[in-house]
Each structure stands twice: as structure tokens, then as C-alpha cells.
Amino acid sequence: MKVLVAAKRVVDYNVNIRVLSDNSGVDLNNVKMSVNPFDEIAIEEAVRLKEAGTATEVVVVSVGASNCQEQIRTALALGADRGILVETEEDMQPLAIAKVLKAVVDKEEPALVIAGKQAIDGDNSQVGQMLAALGGMAQATFASEVQLGDGSATVTREVDGGLETITVKLPAVVTTDLRLNEPRYASLPNIMKAKKKPIDTYTPADLGVDVTPRLKTLKVTPPAEREAGIIVETVEELVDKLKNEAKVIS
Amino acid sequence: MSILVVADHDNESIKAPTLVSVAAAQAMGGDIEVLVAGSGCGAAGEAAAKIAGVSKVLVADNAAYDHGVAENVAALVAEIGGNYSHVVTSTSTTGKNFMPRVAALLDVAQISDISGVVSDDTFERPIYAGNAIATVQSSDAIKVITVRGTAFDPVAADGGSAAVEALDSVQDTGLTTWEKEEIVKLERPELTAASIIISGGRGMQNGENFALLESVADKLGAAIGASRAAVDAGFVPNDMQVGQTGKIVAPDLYIAVGISGAIQHLAGMKDSKVIVAINKDEDAPIFQVADYGLVADLFKAVPEMDALLG
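Those protein sequence lines, which keep their order, are chains H and V.
For the first sequence, the working numbering begins at 1 and goes up steadily by one.
For the second sequence, the working numbering begins at 1 and goes up steadily by one.
Heads up, none of these hints are tricks.
Computed footprint of chain H on chain V; a stretch qualifies when at least three of its residues, placed anywhere within it, have a C-beta under 8 Å from a C-beta of chain H:
| no. | segment |
| --- | --- |
| 1 | 70–79 |
| 2 | 138–148 |
| 3 | 286–294 |
Sample of chain V residues at the chain H side, in silico, Cβ under 8 Å:
| no. | residue |
| --- | --- |
| 4 | S92 |
| 5 | N97 |
| 6 | S112 |
| 7 | Y128 |
| 8 | G130 |
| 9 | N131 |
| 10 | T135 |
| 11 | W178 |
| 12 | E181 |
| 13 | L220 |
For the record, the hints were derived by calculation from the structure and aren't laboratory data.
Being a predicted model, the structure only gives us computed values, none of them experimental.
No residue lacks a Cβ here, since even glycine has one placed at the ideal position from N, Cα and C.
Using the sequences provided together with the hints, build the complete structure.
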């Protein structure tokens, strides 16, 4: 079976982001960009399915500017077989990305789509669920374990109170949580090999998708700063302050 | 203009984040109706009718909605969603699961995890793990919104007397079969509902040492949380994780023990009213957000605190 993985180019998780002084967004100039960490987990899960003989082909898709090729190459170096870039300079919002992915799913007809549960830039956590809805597919979000059966997948999900297990009919969309697996590092030979793997490029128009943004960002501001507190010298002083100054314990 | 709030519930009662979603809906302005979709959820429907400020409660009681199966709940909400200007729910794992499906089915954007209401079409929401706040305006006819559970003061759970109406629509997609759940039995308050939280980080060194925090938590009536580092190290399960990828909390008192204060963790707790940090590294970033910092070895300080609390 074919597995499609969606991977987003985002600001690296180690970067301290800075809000631009004109409040138009965050500073992305000369900032390290990476594959969204949750999407790395999705790539790893797909590659493991291939190594286990369950998946026959792993296709990675990214939606965005031409430099998203870098993240597709990373996925190819990690073991994906080929890439698809849907190239656009438009501000791609989750609904538009889901529509583009739906068009790619129609073309590729994968049995399973794996994506990260959220991207660490917009923190939206929408695309996987929206893609599943548009394709009339089942969804298993926030997965910590995936077992493939005959025409179905049994998935353990991270929910607020603990864990939940569901079985979904294939084709389905799975979104990854942190504990699903630990992604590998790409080896140098695999990075070299990845350069020869094919990447097909389309535009949203090629796929017949309208990607007009629905939301307008009016401004981006830094969060309210907390005022600096005090350093106490002893545990007694701490407990006394909590009781008598902050009055949060009795 | 009327607003549909989709309730977070366990069939018996309404969960606290629903009261926050209703508060956010009030800020948007309009008549507020609450949908309770579940199986054997009559009691939760009755409870929803008592919420202050709610004009009508819709109860969809069918096996198809048991355990909040996303495909079915989303189909139901999308079916009736066209009658409303706003469809709102909480940013719980349930809300995050079904709500984007609703938005896609209605062909509208979703505005996730709002922390503020500027007007009926403009909202504030944290991005980049809370390191920036975006103000976004929606051009869609229906605004589909999830609400951050710590961002608004909850409305009163009683005092209302809304009419309760049964919804007969059954949306059973047959796509998903619910198998089982392993819900952690809590002897303490839930993290997202607790007024005091004591959390441990990598400095705890192992899972057994969390017993030190348990003793203090019992005396304070506190919930116990953990940083992602402590979860990744295998000390404690993921449902205890506070942070960008875990739970977002804002208790009256947050005590961070052996937690350095990675951005990822701060994103989940920095709106707490009072923050205490206990860490032996005086340069730990957690001290920059702490109201009270104590530079000390946690293995000495926590037992001492435990003793002082009697």
C-alpha cells in the first residue's frame, strides 16, 4: 500500500522567534528552517511501515514556496521514495492546504495519509482533520501507536484524560503525537541518494484548487511580559510569602 | 445573530471548559445555544440548561455520538452549523479532534485556540508556542472557533433555565469504531481544572521521586504536572505534560520544581496567577517568569516545604 506523508517547512524549534517592530509578523530573515517536528515523526512512521514490508511506497508532499524542496529532500534522505511540491507564494492557511492535499490524495490514492498533529508555527492543529473531512475519510488524531490491519488501522490516541483506542477504515488520515516514535537522523549516503530521488512540482491552479486566504492577520504582537519577581532565601520565607503576601495557600 | 457552543461533557455532567467557551461566546455577542451530543447524555443536557446565559440546549442522544467519535459529531455539527453565526467549542483533545472537520465540511476557516475576542469577526490567538499573539479577522459567514480554556473567566454553572430540545438527526458515518480507553484515575484535581499545580521536570531525576511532589500536592489539594523533558525521559505519562504540546494551564499557583523553563513549557503555564520556581541553577530561565524563586536543591527544599505545610 501507498503512504502519503505531509511535511511543512517551519522555523526550527530551537529558534527564539522575534516579532517584527511593525507588527506585521515574526522575523523569518536568516532564521533556520526545518521540517515541522511532528511531521518528522510522520515521516519516520511511514518509513518504518515500508521497512516492515507493510507500505510499498512512501510519498512526501509539501505545500508552499519553492524552498520547501529542502524539507522534501530531508524527508527523502530519511527514507521517503519520492516527493511532491505544490508550489505557491500565497499565504497558505489550513483549509487551503487541506484542499491542496485532497487534490494530491485524489491523484495518488494512498491507503494512509500521515501528518503531524500540529505545526509549531501557527499551532492550528487543523490540516489532518480537514483533509479527512474533505476526502470523506476516517481520522485518527494525536496517535501514539498505529497498527495496520486488513483494510483498517487500529490507533491509540493521546487524549486529555489518558489514552483511547479506535479502529478506522482505510483510507484514513493519522496525525502524530510525540510518543509515536523517535525519528532517525539522515545518514550521509542517504542524503546523497536523496538528491537523485524525483520531486514533482505542481501549482494549486494545476490541481484546480482555490487557495484564497479566508483569514486576514491584522497584527502580530509580542505576548504580555510578566513582571520580574523576587528570589527568596529559604523555604520558610517562600511558604510565608505564599500564605501572607500572595495569599494563594492557607 | 446566534452562537452554537458544542459542550465538552461526559454524558453525566458538563466539563469546566464549556463554561469558558460560553464566556467567550458572550464576548462575541448573540443568543447562545448549547449542543450536547452523546449517548445517554440526558443528564449532561439538563446540566447544560442550568448554565448562566444559555437560551436553548440541543440534545443529540444516540450511540453514534458515544465517546465523541469525530466523524459523526462533526457531521451533526456541520448539518446544523449553517443556522449560526459562530460555532464554538473548547480547545480540548475532543474539540481539536472534531472541530476542524466541521470547518472543512462548512467550507470555512477555523480560528484555533482563541485567547481574546476583539469583535464578532476578529479574534486574538497565540502562535509560535505563545511567543507571539496574532489578531485575525475572518471573512467567512460562519466563524468556527476553539477557545483556550484559560483565556476567559468561566460563566456560572447554574442560575440559567434554558429550554431543552431533542435533536433526532443521526449522523453515523461508520468510519470509526471506538475500542477502549485507559483513563488515568485521578485522586487529585484535573490539571486543567486545578487551582494549584505542582510540576516536576528533568531535575526530578526519575519517576519515583515524583512521590516528593505528591505529598505536597495532597496537602495543598494540588494537581501534579510535568515538563516535556520529564515525559520524554520516561519519568511520568504524557497526560501530565504541561506545555505547547501538552496541556495549557493557568492556576492561581503554579510551583515548578526542577524545571529549567524551556519556551515549550512556559507556553503552557505562564498565564498562571502566581508562579514559584525551585531550581538549583540560578540561571534557569524559569526564574524570569517566577514571582517567587528559590535557588535550592529540590531534594532538600521540597521535603522542607512538605514539613512546613504540616
